[in-house]
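What follows is the residue order along each chain.
There are 2 protein chains.
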Amino acid sequence: MKLDELYALLRRRGVLWPTAEIYGGAQGLYDYGPLGAALKKKLERAWTSWFVGRSPDYYLIEPAEVVPEAVVRASGHLENFTDPEITCDSCRAVFRAETVLEKVRPNGIDGLAPAQIEEVVRSSHVRCPNCGSEALSVPQAFNLMFDVPFGVARTERAYLLPETAQASYLAFARMWEVGRKALPLGVAVVGRVYRNEIAPRQVLFRMRSFTQAELQVFFDPASPPGRLGPSAEEKVPVLRVDRREQGAGSPEWVPAGQLVASGLPEFYVEHLLHMLRFLRDVLGYPAERIRFFEKSDKERAFYNRIQFDAEVHLESLGGFKEVGAVHYRGDYDLTRHGEGSGKDLSVSRGPGERLVPHVLELTFGVDRNLWALADIHLAKDGDRTVWRLPPYLAPVSVGVFPLIAKEHRPFAQKLADELLAAGVDAEYDEASSIGKRYARMDEAGTPYDLTVDGQTVGEGPDRGTVTLRHRDSKAQERVPAGAVASRIGPSLLPPRPPPG
Amino acid sequence: MKLDELYALLRRRGVLWPTAEIYGGAQGLYDYGPLGAALKKKLERAWTSWFVGRSPDYYLIEPAEVVPEAVVRASGHLENFTDPEITCDSCRAVFRAETVLEKVRPNGIDGLAPAQIEEVVRSSHVRCPNCGSEALSVPQAFNLMFDVPFGVARTERAYLLPETAQASYLAFARMWEVGRKALPLGVAVVGRVYRNEIAPRQVLFRMRSFTQAELQVFFDPASPPGRLGPSAEEKVPVLRVDRREQGAGSPEWVPAGQLVASGLPEFYVEHLLHMLRFLRDVLGYPAERIRFFEKSDKERAFYNRIQFDAEVHLESLGGFKEVGAVHYRGDYDLTRHGEGSGKDLSVSRGPGERLVPHVLELTFGVDRNLWALADIHLAKDGDRTVWRLPPYLAPVSVGVFPLIAKEHRPFAQKLADELLAAGVDAEYDEASSIGKRYARMDEAGTPYDLTVDGQTVGEGPDRGTVTLRHRDSKAQERVPAGAVASRIGPSLLPPRPPPG
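If you read the protein sequences in the order shown, they are chains A and B.
The first sequence begins at 1 in the working numbering and counts up one residue at a time.
The second sequence begins at 1 in the working numbering and counts up one residue at a time.
It is possible that some hints are incorrect.
Any copy, or any two copies together, can satisfy a pair, since identical chains are not distinguished.
[What the hints assert, rightly or not] Listed below are the simulated DSS-like cross-link pairs for lysine-lysine, each with C-alpha atoms no more than 27 Å apart in a straight line: (1) LYS181 <-> LYS406; (2) LYS41 <-> LYS235; (3) LYS298 <-> LYS321; (4) LYS406 <-> LYS321.
Since the hints were made in silico from the structure, they are not lab data.
These figures come from a predicted structure and were not determined experimentally.
Extracted from the complex, chain A is given alone in its bound form (with noise of 0.2 Å):
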């Protein structure tokens, strides 16, 4: 679907909408409503299994959002986490430099110096998109982060955090004593962060509020985790830098070993493999949608010494966005806070042998993902229209109704409320015809209804059997009502990641 189409199916079905829409809505901030926050909820469950469940030494926390300026400081936030921006000298109107230059720098501007940026604004006859004036400002940069000052007197300075990693390394420490005392060790954080966007757009892909889910892997670089093994043989669909130069958009889908024999080191390329599974086999994205997209050393931050982004091709916003990363961020960040705290963060690897331990950082955007879900799994299908879910992703697991409300209603509030109390979504609908009750389960993504008729009365409350209903087939069959749960139960768990 286009983005107005899909972005409008989403509000009605009241998935999301504006935040203070009953005001005119706030730019760049969403309110999840029930399918929705159910969603979201079952996206984060699924993402912990699979990427903090890799190991026992791996540890999901939940931290403040919020951190004293000196830490912001140490990180280099302060200083570098800006956005260029463009001002149009006629009609005062500002924009995120990006956004003016998308169509003559559609790969970004990531690493362009102000002087750069202005240069490509001048040769390319940029003009304003507002007023169509070509008097376009010197790009200046703008600090994306919010400060909540502490305190009566607003004196003691605090920010909002804008990644969640800067929490996991002010966690090291303690985690380091909660644990085992050994490397790798990982702490994962699924949580808001908070940037002030000049130009909010796209929907769930560029808010001012939104969660991240982000796995920090500490470890020595001389015993990384993550070998191949035999996955050397796996594809991975990248677009390296080497064939971006030369025009190239879409992925080479190339042996792990390969990228390994290429130069990039193991673990990493391990890692890489590890999100594509988790895109390709959990969230179920057509693996002809994903591409990881390699940063150039002047697009990627300076402290990450490799950097892919995970991108999926979505109809909706016309073309591959990114919806997570891998990023080899060396002992860049331990380092720093080590400094600015005065705290050693080195650990011991042996008799006499320190280091400050590495990071691999694993980031995933659960809204962004949230909206990719919609984009490619949620479709018409001639007059229906259905929201292909995995099992495990589903808002609500089972619709149970009554053929016919008067008559089969106690039976089936009663199968209903037995399988919520096993933990099963279940949802109860009595609402209209049966045909449209499986129309409002399919376009919520429901993979399973249950219908109690005649026959399960008949039958008996103990061996009544009930009609089950599968979503992406239609296909239908009668099955012990007391069965039900075993039978559907374990599809609606989220998948383990295979052991390491």
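Take the given structure of chain A and dock chain B to it, following the hints.
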């Protein structure tokens, strides 16, 4: 335990610690470690199950926690969400007036005007807690909200919400469309809120960023939700205003029906009872530690028609502390937002008749209750430290141990993996003696431990029995490994409310 001892234990076990601990910590901000984050998630799940699970017309949403200024202007927060402060003219220290006056006004200063507060300061010869001077300044009001102005020029004024309730009021119109267009309609949020507390203290009891679980029930006062029926006989521990004025501190256990006879609306009393059952039966707080503290006309916010705070007696904090509340807010909120937004928020109550729904609000402090769960259930028992959390709240549901690591490891690891795949929060542990492993799990609140031994292995992979140990009784029994999930599974699901 006393506060210092309890806090030290929770910190050592990585349940929680001050944010940016390596930088010396940030006042009023805490990070939850692995055990704390898991406990918090399960506490939120239990709350949702009990309060939102009460009706198919009650929904959980996940709104942004930032709103445009127009919202907090209409709600009255811009004008009224203030705290009186007292400044020492001698040492320049600034304090919350409530803190400075807590000895002379143990019931707080809610409802007192600045002039009245000043009179208390003068007449009681209150001294500066810092330097002892009596030169304390006239109280000033201080807005507790954080503003986060958006945009390049920071001209789009916005605020971090100090309560989640406003987000539910904003969502009412959309939820009316999404739901079945009938009252009562419930909208719940579990989310972060922000307050610039002048004097954060008592660990999780006065934080600057914390999590609230709040349910707003929109209803027609002509047919409010909540009939007592046979529950009219059940007693509720209340401290009414009249007894408070006589100096009483301990609650009276009054039958619900009698509270109605005394003038409280039946629906209101029914919800006090529902909250009581949650605290006592779901969270396991002893009945004698709970009281509902009635706020007087002067003490409660002007928009609250009735307010009882749910309070729990905590050893670590030396008295009864507020952990939630039940507010009857009338039609204040939707009326104000209707005026503020210019959108008619009234709904049809029948042919030709419309009304602005009334609001019954149930609030619950997630962090405060997490602390209460530690204060109440975590205790020394001889030489053991045991956290007697209800099984459905325990961060780890079951510990899985090989009796002798090198002999029983494969079987025990396989069992742990199978339990994890079945959705049971199992944790494998082979370090040190069985006794020490039991002790670690007891302290973390784990209700069950499984030990794999020679007998298990001898009996074979399909029929092997393991030792199931119960945390509280220390009783042990042998059960087939394959039967563990179904045996302990039901106790790991949070209770659902009895059908209304």
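We went through each hint and held it up to the structure:
no. : hint              : in the structure
1   : LYS181 <-> LYS406 : between (63 Å within a copy, 21 Å between copies)
2   : LYS41 <-> LYS235  : neither (31 Å within a copy, 37 Å between copies)
3   : LYS298 <-> LYS321 : within (20 Å within a copy, 55 Å between copies)
4   : LYS406 <-> LYS321 : neither (50 Å within a copy, 48 Å between copies)
Checked against the numbered hints given earlier, this structure breaks hints 2, 4; the rest are met.
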